[in-house]
Structure formats: structure tokens, C-alpha cells
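Produce the entire structure from the sequences given, and follow the hints as far as they go.
Line by line, the protein sequences give chains C and U.
Note that our numbering numbers the first sequence so that position 161 is 161, with each residue one more than the last.
Note that our numbering numbers the second sequence so that position 222 is 222, with each residue one more than the last.
Derived from the structure by calculation, the hints contain no laboratory data.
Even glycine gets a Cβ: it sits at the ideal position worked out from N, Cα and C.
One or more hints might be untrue.
What the hints assert, rightly or not - Using C-beta positions, here's what the derived DEER-type ranges look like:
{"#": "1", "chain 1": "C", "residue 1": "G132", "chain 2": "U", "residue 2": "S269", "range": "52 to 62 Å"}
{"#": "2", "chain 1": "C", "residue 1": "E38", "chain 2": "U", "residue 2": "G184", "range": "40 to 50 Å"}
{"#": "3", "chain 1": "U", "residue 1": "V267", "chain 2": "C", "residue 2": "E117", "range": "37 to 47 Å"}
{"#": "4", "chain 1": "C", "residue 1": "L115", "chain 2": "U", "residue 2": "W168", "range": "13 to 23 Å"}
Said to hold, decoys possible - Derived list of chain C stretches under chain U, where covered just means 3 residues or more per stretch with a C-beta under 8 Å from a C-beta of chain U:
{"#": "5", "region": "28-38"}
{"#": "6", "region": "118-127"}
{"#": "7", "region": "141-147"}
{"#": "8", "region": "171-180"}
Below are the chains, spelled out letter by letter.
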Amino acid sequence: MAIDTSPQAPRQTVVADQEQRAFRALLDAMSRPGTIHELPEARATDGAWGSALVVMQCLLDHEVTFAVEADDRSVHEQILRRTGARSDVLAAAGYVLADAAHALEVIEMASEGYLEEPERSATVVVRVDAIGSGSLRAVLSGPGIETVQSLAIEGLDASALHALIERNALYPTGIDIVLVDPQGRVACLPRSARIEVED
Amino acid sequence: MVSATGVRALIDERGAEFEGYTFGFLDDMAKREIRRTILKAVAIPGHQVPFGSREMPIARGWGTGGLQITLACVGADDTIKVIDQGDDASVNAVNLRRLIAKTTGARETLTTGEATLIQSRHRIPEERMTAAQILILQVPIPEPLRHVERSVASARAMHAEADYARMWLALYEDVVRNGEVTAGAGYPVMVNGRFVMAPSPIPRWDIPKLNQADTLFLFGAGREKRIYAVPPFTNVQPLEFDDYPFEIEAFPNMSCRRCGATDSYLVTSPQADGGTLSVCSDTSYCDDVLAGRKVENQW
Numbered sequence: 001m002a003i004d005t006s007p008q009a010p011r012q013t014v015v016a017d018q019e020q021r022a023f024r025a026l027l028d029a030m031s032r033p034g035t036i037h038e039l040p041e042a043r044a045t046d047g048a049w050g051s052a053l054v055v056m057q058c059l060l061d062h063e064v065t066f067a068v069e070a071d072d073r074s075v076h077e078q079i080l081r082r083t084g085a086r087s088d089v090l091a092a093a094g095y096v097l098a099d100a101a102h103a104l105e106v107i108e109m110a111s112e113g114y115l116e117e118p119e120r121s122a123t124v125v126v127r128v129d130a131i132g133s134g135s136l137r138a139v140l141s142g143p144g145i146e147t148v149q150s151l152a153i154e155g156l157d158a159s160a161l162h163a164l165i166e167r168n169a170l171y172p173t174g175i176d177i178v179l180v181d182p183q184g185r186v187a188c189l190p191r192s193a194r195i196e197v198e199d
Numbered sequence: 001m002v003s004a005t006g007v008r009a010l011i012d013e014r015g016a017e018f019e020g021y022t023f024g025f026l027d028d029m030a031k032r033e034i035r036r037t038i039l040k041a042v043a044i045p046g047h048q049v050p051f052g053s054r055e056m057p058i059a060r061g062w063g064t065g066g067l068q069i070t071l072a073c074v075g076a077d078d079t080i081k082v083i084d085q086g087d088d089a090s091v092n093a094v095n096l097r098r099l100i101a102k103t104t105g106a107r108e109t110l111t112t113g114e115a116t117l118i119q120s121r122h123r124i125p126e127e128r129m130t131a132a133q134i135l136i137l138q139v140p141i142p143e144p145l146r147h148v149e150r151s152v153a154s155a156r157a158m159h160a161e162a163d164y165a166r167m168w169l170a171l172y173e174d175v176v177r178n179g180e181v182t183a184g185a186g187y188p189v190m191v192n193g194r195f196v197m198a199p200s201p202i203p204r205w206d207i208p209k210l211n212q213a214d215t216l217f218l219f220g221a222g223r224e225k226r227i228y229a230v231p232p233f234t235n236v237q238p239l240e241f242d243d244y245p246f247e248i249e250a251f252p253n254m255s256c257r258r259c260g261a262t263d264s265y266l267v268t269s270p271q272a273d274g275g276t277l278s279v280c281s282d283t284s285y286c287d288d289v290l291a292g293r294k295v296e297n298q299w
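Take a look at the structure:
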């Protein structure tokens, strides 16, 4: 039975609407590891960092810290300006944005939290060339996955995933990965996922 | 027939009630913090993640945790359902649903199958929920170890070390004293083989629905400032002994007085004539059965 709702509800601002839709895409991606979801459209002027910035804007504000590990560091300035989050060193940052070339280093160095507070670990956003196609294949199982879930990734080295498996071996401490590509796709590798690498 | 200017005036008049409120009542920073917390909770199934529970226009203990999760998730294209012990029409459920709808414009529904977000107190719907839906459960006491360990710090250490010996001992003592594990609502469960979790005060009837479900379950405790989650397709096992297995409530030779259902969780109340009256706890399911609609999805 549908109920008619009066039409005077407050409107979502454009930015808040984008953050809400980005969050729901992230929530779907995080609760079903390895499945691919669409982020809301990024600003055209953000270029290859567009989808990554959509994710960072959705999650970051002055209460958290971040680090950027990438050859092109222009995005660092953009995150500071748009979110008000504080910049920190890689090993201490709550949120880390990396390009694929720095993924291995970031996965090895980022904070994994503590046994009593495993949530105080880094969420690592990695920009790859493409999600859903590519030579690197991660075969996932565990919470959120009925049997197995296969995810193809373009532009990420297998060593990064091997490092991730090692980092997350002492579950529940560990790091959660958000993969984004410039086409606006997102997929997650939470620490609860068991990963096998095929390349 | 209402004139266009009449409608405009009505909108203006009633719109004034919500002037100055943001979409979804919570400010953007509150939503962002809750969203960060939810994502962490999903990544660590069954682990309680602290969050900065906000003051809400309802009292703590009346569903503020669930409400904050709902408001952090909801978009204008969502369809929401709120249930209180299975009932859409209780005062609390109606108030929460109206608050969510009026501050977001999301559609309201009483039908399980139509909803994208369902906020619930103490029940999981009888109709099997789908992958397109999220169930948000209100939680009074998120700490399953509260009854065996009063110190929050010590309980946290026990979770960290997966040391649930005292929980098992308490269950064993229950069996020794009473011949069974007497826990009714909120039976403790093991999530993903790692964390013992309080499933909120749902009846035992609903516990098996948490295991390997299609749906994401989010748990919010506003007073205790904790959020936790059970992702879809996650192992959720009630704590049980080999020789004292977990059992759900049985309703032998009973059916719903209103719709006649024999396959739903019944609530029974004593009557003046000394008899009892049993009806479905889930009013949406009861309505479906009464109307002769076939509920396709079963848990």
C-alpha cells in the first residue's frame, strides 16, 4: 500500500545528492565485494581523478585525515580545498588515495588499526585504469559473496593484491580497498574478503 | 476539485513547517560520519563501531540509532517502511516513518516487498527480503557480553581476543539451571566465525534469517553509540551446544486469528474469557495472507 507523501520535503542540495548516491554505490560495493557499481557523475574538469574525488568528497571532512600517494599530486590540493580534511603521513592517515603505481607501497604502509579497534585503520582508494576488464583477476569469497566473485582489474600489479592478502591475514585488523576507474565505476575489497589472485 | 492556486497555498502553508530543515534532518557532516562508520561496520561483520550519536527529535532508546542510519542512507527515490515489533501502525513506527518521509520526500509504504529501506524494531519481516533492500534494525543493547562483563573496556578486550569463554559458560549455566538456553529475544550469534553479536531483540524465529541472506542488515544503537552490520551471504550462527541445539519458537496447533496463517511468528495475548488470542506479529504479511495475495519469497 503506497501512501501519498506531501510534496514539501526539503530538497537535497546538488552536492549532498551526489554524496548520498555515491555513498549508496559504496555501500553496495562494500557489502558485495568485487561487484561493480556506478558512481554519480564527476566534474568534467577533474579528468582522470574525477571518480576518486567523488568518493573522497563523500567520505571526508574536517574530522578525518588523508594522504595522497600519486605521481600527479594536484588532487591533494583539491581534496584539501573541497573537504577540509587534514593531510597526514601515509602510515597515520585514515583515508589514502593512490594511483595504481603507488598501490603496493600504500597497501604495505597504511594503518591496519588495532585488535580492540580494528575500525581505526585506513580506507585506501586506488585509481586503476579499468574495473571489469583487464588481465589481473581477483577471485573473492567470504561475507557478501554467495559462492565466489571474480573481479577483473586493468592497470594494477598483482603484487599489490598479494600484499593486501598479507596485510589482511590478521583479520579483523586490516585495510579496506576501494577501487575506482575514470569511467565512474567502483568496486570494493573489504578486509573480510578472501582473495585469490589470477594473472 | 482543488484550484492550482489552492494547491500552491497548501504547499506554501505546509512547507513552512519544514523550512530551515536540511534534507533528511541530519546535517551533512553528521551523515558523512555515520556513512564512514557504516562502511567500516560492513567491512568487519559483527564488530561494533562507535559513532557520534546525534540528538534526534525523539528520545534516545526509541530508535535513534536506526533512525540515524536510515537518514544517512535515504535518498529522495527510496521507498521506506518502518515497523515496530512487526507493526507498521504503532505510534512510534508511524512517527518515525513520517519524520523520514517529510524531511526527504521519500515514498512511504506498509508493504515489505515495495520498500527499499526498512527500519525495524525487534522483527525481521516474514517475507524474504531481496538484494535490492536494506534492513536497518534498532538496537537497545549492542554489547552481547554486557550480561557477563559489565566493563566496556574488558568486553572490548574479549572481542579483540575472540575470548568468549564467559559467554559459553553463561549459556552452560543456563542449561544446568533450566535444562535449556532460555534466551528468547536477542539470542547471541556468531558472525563470520569471529565476532559474537547481539542481533537486537528479534525473536529466535528471526535468527536463521540473518544467515546467508540476500539482504544487508545494519544495526544502530543510538543511546550506546554503536553501529554494526551483517553483510549479505554471511555466516551467522546462533551459539549452541551439540547436545542442546538452538531451536526457534514453535506454535503447535496455532494459527493467526485474523488471517489464519500457520507459518508466521504469532503474538499471543490473554483474553477476558480466560482464552488467548494469537495473531501475526508481521502486519504486512498478515494483510497479504488475508487479501489472498501469495507471498512469493520465503526465507
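Here is how each hint holds up against the structure:
1. C:G132 with U:S269: 52 to 62 Å: 55 Å, holds
2. C:E38 with U:G184: 40 to 50 Å: 43 Å, holds
3. U:V267 with C:E117: 37 to 47 Å: Given a distance of about 40 Å, which is inside 37 to 47 Å, the answer is holds.
4. C:L115 with U:W168: 13 to 23 Å: 20 Å, holds
5. 28-38: As far as the region 28-38 of chain C goes, the hint holds, because 3 residues have Cβ atoms under 8 Å from chain U.
6. 118-127: Holds: 3 residues of the region 118-127 of chain C have a Cβ under 8 Å from chain U.
7. 141-147: Our answer is that it holds, as 5 residues pass the Cβ test (under 8 Å) against chain U, meeting three.
8. 171-180: holds (count 3)
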